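Asker: Each chain, written out:
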Amino acid sequence: MKKFDWRFILIFIFLLASVYILIPTFVKNLPKDVKKFFLVEPVKLGLDLQGGIHVLLEVDTKKAYEADLLSKASQIKDTFTKKNLIYESIKVENEGILITTPFKEKWNEMERIITKELFSKVDISRVKEDTVSVSYRLEFDSKMKEQIEQSAVKQALETIRNRIDQFGVAEPIIHTQGKDNIVVELPGIKEPKRAIELMGKTAMLEFKLVRDDVTPDMIAKGNIPPEVELIPERRVNRETGEIQQYTIAVNKEPLITGRLLQDAAVRINNQFNQPYVWMKFNSEGARVFERVTGENVGKRMAVILDGVSYSSPVIRDRIGGGEAVIEGNFDHKEASDLAIVLRAGSLPAPVKVIQNITVGPTLGMDSIKKGFVSAIVAFIAVLIFMIIYYKKAGLIAITVLILNLLYLLAVVAAMRATLTLPGIAGIILMIGMGVDSNVLIFERIKEEFGIGKTVKSAVESGFKNAFWTIVDSHITTLITAAILFQFGTGPIKGFAVTLTIGIAINLFTVLVGTKTVYDYLIWNKKITSLSI
Amino acid sequence: MGIKKFNIDFFKALTPAIVISAILIVLGIYAILMMFNGKGVGIDFSGGNAITVKFSKKMAIDEIRQIASKTGINFDIAHLPEENKAIFKTKLVEVNGKKVSDILDDVLNATLSKNGYMVEGIVEIGPRVSSDLKKDATIAFILSAIGIILYLAWRFEKKFGIAAAIATYHDVIGIVGIMYLMGYEMDLLILTALLTIAGYSLTDTVVVFDRIRENLRKKVSTNLKEVLNKSINETMNRTIITSLTTLFSSVALLIFGGEVLRSFAIAITLGIIIGTYSSIFIASPLLIALKLDPKKIKK
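As you go down the protein sequences, you meet chains V and B in turn.
Each residue of the first sequence is one higher than the last, beginning at 1 in the working numbering.
Each residue of the second sequence is one higher than the last, beginning at 1 in the working numbering.
Think of the hints as simulated: they come from the structure by calculation, not from any bench.
Computed far set for chain B versus chain V, every beta-carbon distance over 12 Å:
no.: 1; residue: Lys58
no.: 2; residue: Ile64
no.: 3; residue: Thr111
no.: 4; residue: Ser113
no.: 5; residue: Lys158
no.: 6; residue: Ile173
no.: 7; residue: Leu290
With the Cβ distance kept under 8 Å, some of the chain V side facing chain B (calculated, not the full set):
no.: 8; residue: Ile357
no.: 9; residue: Thr358
no.: 10; residue: Leu363
no.: 11; residue: Ser367
no.: 12; residue: Val373
no.: 13; residue: Ser374
no.: 14; residue: Val382
no.: 15; residue: Leu421
no.: 16; residue: Ala425
no.: 17; residue: Asp436
no.: 18; residue: Leu440
no.: 19; residue: Ser473
no.: 20; residue: Ile479
no.: 21; residue: Leu484
no.: 22; residue: Phe495
Simulated pairs of lysine-lysine, DSS-like, Cα-Cα distance not exceeding 30 Å:
no.: 23; chain 1: V; residue 1: Lys352; chain 2: B; residue 2: Lys99
no.: 24; chain 1: V; residue 1: Lys333; chain 2: V; residue 2: Lys154
no.: 25; chain 1: V; residue 1: Lys493; chain 2: B; residue 2: Lys91
no.: 26; chain 1: V; residue 1: Lys193; chain 2: B; residue 2: Lys54
no.: 27; chain 1: V; residue 1: Lys77; chain 2: V; residue 2: Lys91
no.: 28; chain 1: V; residue 1: Lys63; chain 2: B; residue 2: Lys91
no.: 29; chain 1: V; residue 1: Lys193; chain 2: V; residue 2: Lys370
no.: 30; chain 1: V; residue 1: Lys392; chain 2: V; residue 2: Lys525
no.: 31; chain 1: V; residue 1: Lys352; chain 2: B; residue 2: Lys91
no.: 32; chain 1: B; residue 1: Lys225; chain 2: B; residue 2: Lys158
no.: 33; chain 1: B; residue 1: Lys89; chain 2: V; residue 2: Lys369
no.: 34; chain 1: B; residue 1: Lys158; chain 2: B; residue 2: Lys135
no.: 35; chain 1: B; residue 1: Lys295; chain 2: V; residue 2: Lys464
no.: 36; chain 1: V; residue 1: Lys252; chain 2: B; residue 2: Lys98
no.: 37; chain 1: B; residue 1: Lys57; chain 2: V; residue 2: Lys370
no.: 38; chain 1: B; residue 1: Lys225; chain 2: V; residue 2: Lys453
no.: 39; chain 1: V; residue 1: Lys446; chain 2: B; residue 2: Lys219
no.: 40; chain 1: V; residue 1: Lys179; chain 2: V; residue 2: Lys154
The structure displayed is predicted, hence computed values, not measured ones.
No residue lacks a Cβ here, since even glycine has one placed at the ideal position from N, Cα and C.
For reference, chain B alone in the conformation it holds in the complex (with noise of 0.2 Å):
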């Protein structure tokens, strides 16, 4: 195939971005809100449990509401019919001392009698683990930021470090919007997965940033804008191919991956999307926005 030769003024855009940008941030903040209040956020974040069973008949999802409910726990059901499967979830550790875990296997017990079912996966997590675990997720997030901003202020220059930093949190906060409204509970899983986005998204906005970096070296143009756009046009090729690569793995393992890894994949096709998106629509004009010196570049 031949060499494709973009030429796409991408600053004409520029006010659609903010817009779309806008929305993603706010929701995200928003969602991120919410959750430091204990709303969508899962049980790695706020203690509970997660029951997973496998019955050794098929199942109606009435009939598996019915036996739940005579556990007296108000349980939150995924029914997976085509696995025989169901997961119970709730936010409780214990009932009278006793473990939600051993209230529904005795329930269980005696209505489907022990061939019936089989408990295959227990998540059980007290109220330390999980504040715990809460204060650290908070952390590393700080701590991946500061580390960036570091190593591109080191290898480039301070703007573009806090650019790249801003365009690589602003799709997290989006990702993190986008899965509060689908419904999806924030969790260890997702969270792997936004830190994976931002390497992504990372990776993403450095490869057009270095171009910059190279074509303000080369005084191709005096006008900061035209150099922006060329570089994006020029990097153009790489950034559709990796994301459509990219998008093959997350798109397979999102249809063939099973329900374990679904929010996973969910948070990491959507991050490609977005990730690929800022480093073109937000990362640039960033750089104008906190109005990038080009005689600061380092040789």
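With the rest of the complex left out, here is chain V (with noise of 0.2 Å):
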């Protein structure tokens, strides 16, 4: 027989594999000089373990296509008027568009714009006449209505993105998933709050009139011009820094809005030492500005955010340069999160965080600490069990298992897979189940040799008929570890995968490994007795 076998070379080759894939994971602080030789980087921490946040956001992809819905009624609106078509009503209503004109006769003109100028897949619909009016309703195909949410979905994704970008986190995760989700995963992140409210906020900038014609007196008898709406002001009072709220009227139609800005800044004012956000807009900005302003001289304008105004200054000139400022009681930190939302431009429809998992880093750390006392310590009573049970045998056993261990841990580092907390209580398990092939191995040994077999043929048959049991088992547990994946998010994903690899690599040590040993100890060492 031979002297030398490839397999102990392949077993060789796979270990020192392994300790120059796991070098960086286990040798902190390596040089830099020395770091540049190992191409594989650390084994990737899952969020349970580094801490981080993982949030799963819901798109309100409803308000989405209602936005549409309104700037295509406006449309509607503004070409009728141009032509001078009189209608009663255009409104918004269960995601289509109802239009109420009393000149019945000039319906069929209006439906050849709406058709033929305007929109090209439009289903109308009478739904309701009398003596003096008649309504249609406008509805879209749905599969625009798909485009739209969809489209929604995808520019939320790019926001938050560039939201989360310049806040400064190191290698976040950001990705859609199902139909309106979508998945932000930010390891080792400081504040957690503050980078949740900073991805939800809306960021909705509107410069909107304020109508001072509207007086309390209405307001209070609900007596307000269709074209004006009510919202909430909040001022801060400068001497004891108390925030006040009011309520303002103001016109629905914004004089401009948040979409033609290009930059946003902290600034502070002097005279408070109070940070406060400046705004510029891009150059056709600029020029509406100018002109809105122009305009409304001695009114005054709203900066309105998310629908709460901050401030409601009197516009005494024309404001040429584009530039304008929100302020209010901020500190810096929410001066800076404010002008990183503006700067990233609003969300085009709300968001909702429906699942929020928040990790300190230090839960993480004690995690790992506490899972590596228990991998010793189970390490250390199986080893003295097996060496008591199966003597030289259970040493060889113990190789196998480290062998699986250090494979384990290398195949995780190099498929970049994440190892989580339950992945690590999975590899804590894999220390005691993992001695079971070799168990059935030996005991099947054992019980060839005890009906009067050589050394040779036990060992041969004891692997034989070992061997189908073996494979069969992984399998069965292969099964429930895949479906496990395929259902699992987050930490149980790692799990799976981490089970996976393990039973795979078990299968290969044990009938590779084990098989190799004693092959050799049979042909080369001619041993006669086993020590089992």
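With the hints as a guide, bring the two chains together.
Answerer: Rendered as structure tokens:
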């Protein structure tokens, strides 16, 4: 028989490769010139171990579609007004547009404009007709609705990515999930609450004209013109720093929105030493801003963010240059977050946090430490037991187990798979379960030896008989691991990955590793008695 | 150590085994029915908040309860005095549009000030996420059962597959029942433990079945009961040793793994005990109950 076996070389190469791969994981603070020789990065830890946040956001796609319909409705209004077509009302209702007009004979002309000039795919149905007026309902293609909703999710994703980038987080993971969800994972973040607020802010900036002609008396009676809406305004008392809420009446139609912003930054007010947010419009925005301020000199203009007015100064003069500010007793963090969201743009629709898992960095470190202690204790217990019970064969099983664990970690590192807390628990269990295949073989060899076979043939038939049992039991476990992977999320998925890799490696180390050792002992050492 | 040869007639213990298993299954099914009605499930499946807070000084549980009561939310509090930590749990996500974690944070800040505590972790699960998880978990369990039956039916024979699947799910259902009685709420971590146990118990059963098949092929006896008994006895050494080494792991995890992994470790430890029991006392008699025909064993 050959003196040397290719399987030894294979096991040895794998061992060297594993050690090479795992050095950056276990040796912290490698010098830079040494580090560059190691091409594989340390084992990637899940958020539950290194700390960070995992947030699932739901985009209100219904609102995005509604906004699209609103802009279509105002497009119809503009066109009708230009062509002197008189209508009673055009409003968005139940994912459609409802047009009511007293001039029934003009409808044909209106319909022609809507279907020929404005939109291509639209269903029109008459919903109501009486002696004074007629109402028609416009519904758009469902494919278009889907497209708008999808693009809203995509746009929200881009905006959130933009904000997170500006906030400064290393290696953020941001992707869509399902139809209208966005997953954001920020490892190792220091201020989780602040980051979540930053992501979730719609940041809809609007400048609207204040209607001082609407008196408090009219507001109290609910007697306000249809083009006017009431919104809250927060005013800050400069002496006490107290924030008070007022109600103001503004035009629904904004003069200009944040869509035309080019830049935003934090500035400090020298007089009060207060941070505020400075904004600059792009050239188109600057032109619009100059025109609308020029047209409304002497009136008040409200600066509105997400439906709340922050201030409503009087326009003293036409404002050129396209610069504006938002003030309001912000601390520096608040002001800089506001500047970030204004720079990154507003979300196309509101988003809602539907899942938030925040793990502080100490909690994760704690888990790793406890996992490590458990692993060592389990390993020592198994080691002592195996050596007492199986003697030298026990040593083989333990060597195989060590190879198992090393290979497993190396594959996890090389595949950039994520190690999570349940994954660590899985590895600890593997210390106990991993010797099972060897136990199966040893028990089988003992049996064969017991019925009077020679060492060589006992080992041969022991392996042969245990082989399919080992394969079958591994594959059935693999089935459950695959299903866990398919349906699990986050940490559970990490567990399934660790389990799957572990099972595959266990098969290899036992069927190749243990077998090789025995073959070597029998052929080269010509052993005649078993220490088992 | 020499070879221990077991020679136990396991069918003598069949009646007590049936009684024990019947109790386990009834208890488990009761627990599962309660869970589908929203009882005994953790926030993963019901929605809600679990907030871990670390205090900078020793706090008595009454003191913590008193602070928590100021939130107006009826928190379920787990106190970990040796780590100066407390976990606040509630099935609520929001109160009057304000996040539960923010409400608790505000109250802690007002009573202990910023340096007196630290919010270490938050798990907040909205209602849609939890109902999706519930659906996924149910599908996962049904699919694994089908997968196991199909594979074993292909490798062995249909009745082996069914018997193994029943024995495995007997363990899983039994553990669900015991965990429910112990007051542990079903969550993703326990679910992971259950699927791990399913894998472990299945391995145990497959090892015994493998030997049964081998002995049937060798025609060691014409009496099926005798073949089964012989097979269980022959694999007994391996069954005990592997259960022991795996118990070393799960008990180490139970003692040193910390609070987060406690429920996982308990479920696994129970699983090893019940899984070993079922592969000896339940899986093989099931083959007789299912009227296994030895002639149908694949060569």
